[in-house]
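J.: Build out the structure end to end from the sequences listed, making use of the hints.
So you can see what is in the structure, the chains are spelled out below.
2 protein chains.
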Amino acid sequence: MKVDIEKRILAVNDELAGSNRELFARHGVFVLDLMASPGAGKTATILATIDALRDRYAIAVIEGDIASKVDAEKVRAHGIPAVQINTGGACHLESAMIRRAVDTLDLDALDLIIIENVGNLVCPSDFDLGETAKVMILSVPEGHDKPYKYPNIFQVSEAVILNKYDTMGVFDFDEEEFREVVKSLNGQVPVFPISATKGDGVSAWAEWLAARIDAAKGEGSE
Amino acid sequence: MKVDIEKRILAVNDELAGSNRELFARHGVFVLDLMASPGAGKTATILATIDALRDRYAIAVIEGDIASKVDAEKVRAHGIPAVQINTGGACHLESAMIRRAVDTLDLDALDLIIIENVGNLVCPSDFDLGETAKVMILSVPEGHDKPYKYPNIFQVSEAVILNKYDTMGVFDFDEEEFREVVKSLNGQVPVFPISATKGDGVSAWAEWLAARIDAAKGEGSE
Chain Y
1 MKVDIEKRIL AVNDELAGSN RELFARHGVF VLDLMASPGA GKTATILATI
51 DALRDRYAIA VIEGDIASKV DAEKVRAHGI PAVQINTGGA CHLESAMIRR
101 AVDTLDLDAL DLIIIENVGN LVCPSDFDLG ETAKVMILSV PEGHDKPYKY
151 PNIFQVSEAV ILNKYDTMGV FDFDEEEFRE VVKSLNGQVP VFPISATKGD
201 GVSAWAEWLA ARIDAAKGEG SE
Chain V
1 MKVDIEKRIL AVNDELAGSN RELFARHGVF VLDLMASPGA GKTATILATI
51 DALRDRYAIA VIEGDIASKV DAEKVRAHGI PAVQINTGGA CHLESAMIRR
101 AVDTLDLDAL DLIIIENVGN LVCPSDFDLG ETAKVMILSV PEGHDKPYKY
151 PNIFQVSEAV ILNKYDTMGV FDFDEEEFRE VVKSLNGQVP VFPISATKGD
201 GVSAWAEWLA ARIDAAKGEG SE
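Residue numbers (the numbering used here), protein chains in the order written: chain Y, 1 to 222; chain V, 1 to 222.
Calculated directly from the structure, the hints in this document are not laboratory data. Fair warning: there could be bad hints in the mix.
To be verified - In silico DSS-like pairs for lysine-lysine, Cα to Cα no more than 25 Å straight-line:
| hint | chain 1 | residue 1 | chain 2 | residue 2 |
| --- | --- | --- | --- | --- |
| 1 | V | K183 | V | K149 |
| 2 | Y | K69 | V | K183 |
| 3 | Y | K149 | V | K7 |
| 4 | V | K183 | Y | K149 |
| 5 | Y | K149 | V | K74 |
| 6 | Y | K7 | V | K7 |
| 7 | Y | K198 | Y | K74 |
| 8 | Y | K69 | V | K149 |
| 9 | V | K183 | Y | K183 |
| 10 | V | K69 | Y | K149 |
| 11 | V | K149 | Y | K74 |
| 12 | Y | K198 | V | K149 |
T.: Following this line, the structure appears as structure tokens:
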């Protein structure tokens, strides 16, 4: 019974996600669904990504949170439009929330929308928002064993950002084991070690994203 | 409609949680529901707590995970009985899962059961398991702003453990602001700074827990 209900909720979500995806493709906008644990550095990574790409692309951000609007304020202080979604307790964003947020943006004027999902390694991986790609961040202090425990999010992500890489010396993080387990879960997925607050490694991640944005623009203008 | 379904799921869960609570009280067992983000150090804190209290109390652990059994194996290697629950994708434990796990333990021989909930700052805070107390861990690398974003878990916790306190110098963590926000959410809740892997601060937390265990034993034997 409960499983049936969950399936129905997911089916309704997926239908609207498909409609979102068509809308984004029609406008040639690349939409990134960024997922991570609380405190892994999602907002810091978004700010670093904006700094790397703002001269080339028009960017907006959709901030998902259980409560508060502190992240949207940080992004706006960076001179980038930000729409705050408060989920009111829900542990993930859904496609209907994204649609309402997107309806406040001018898609023709944008190349990239970054969605900051709710801090959570579980629920966001189950929900299609209509994004062009899901990407996840793991931070070094969380430990290299996380792919064993939260395999699904590693499987649905098209890139894995390994943040707080500058603290590698402080924590007992086995990068080789981490990369092996990630590879076993999701073959060729790229892993980008970065320090979002210091900027190290951000350009490799940003260039991967830029190539994907260019591809989405090409398809949208056809 | 969706809200009604969620209410019904919660009502079923809460009814069995009440039954669990009576069972634990009857046997004088203190049951701790330990909640935190992925990688905040739940298992390390459990191992440190076991080391501090194993001479005084008979302890068992229930390990909740989406997948894998690595944490249960770590606890068993420490010489303590551990029951692994795999939620099969669910982002939190429920009272029925706890009841099935508890039925494999000899409650009369135990003083303390520690439940390691799924790594998540959202879902576990909504589900009563019948535990004697919920306690949460925040780790320093997650940042001092987490109470703004995940207020509910701070409100339902009877103690807050601040783990990885030894990395305070590495991260931009404002302890004063953190304590103020926690206080505004949950008046007199104690905050215990610890380093679970190094042992610093563990004894203050363990003595708080010991006093609560003694109180539960006293009530159980009446």
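J.: Checking one constraint from the list: CA of K183 of chain V to CA of K183 of chain Y, max 25 Å. Satisfied?
T.: 43 Å, violated
J.: Starting from K198 of chain Y, check that the Cα of K149 of chain V is at most 25 Å away, please.
T.: Cα-Cα ~24 Å, so holds.
J.: Holds or violated: are the alpha carbons of K149 of chain V and K74 of chain Y at most 25 Å from each other?
T.: Measuring from Cα to Cα gives roughly 14 Å; hence the hint holds.
J.: What's the verdict on K69 of chain Y and K183 of chain V, does the C-alpha distance respect the 25 Å limit or exceed it?
T.: Given pair K69 of chain Y, K183 of chain V holds - Cα atoms ~20 Å apart, limit 25 Å.
J.: Hint check: K198 of chain Y vs K74 of chain Y, CA-CA at most 25 Å. Holds or violated?
T.: Between K198 of chain Y and K74 of chain Y the Cα gap is close to 17 Å, so the pair holds against 25 Å.
J.: For the pair we were handed, K149 of chain Y and K7 of chain V, check the Cα-Cα distance against 25 Å.
T.: 28 Å, violated
J.: Is it true that the CA of K183 of chain V sits at most 25 Å from the CA of K149 of chain Y?
T.: 32 Å, violated
J.: Please verify whether K149 of chain Y and K74 of chain V have alpha carbons no more than 25 Å apart.
T.: 14 Å, holds
J.: Run the distance test for K183 of chain V versus K149 of chain V: straight-line Cα separation, threshold 25 Å.
T.: Holds - the C-alpha atoms of K149 of chain V and K183 of chain V are around 15 Å apart, at most 25 Å.
J.: Between K7 of chain Y and K7 of chain V, does the CA-CA distance stay at or below 25 Å?
T.: Distance ~18 Å between K7 of chain Y and K7 of chain V Cα, so the pair holds.
J.: Given the hinted pair K69 of chain Y and K149 of chain V, is their Cα-Cα distance within 25 Å?
T.: 8 Å, holds
J.: Check whether the Cα positions of K69 of chain V and K149 of chain Y lie no farther apart than 25 Å.
T.: Since the Cα atoms of K69 of chain V and K149 of chain Y sit roughly 8 Å apart, the hinted pair holds (cutoff 25 Å).
In the structure shown, a violation is registered for the earlier hints numbered 3, 4, 9, in ascending order.
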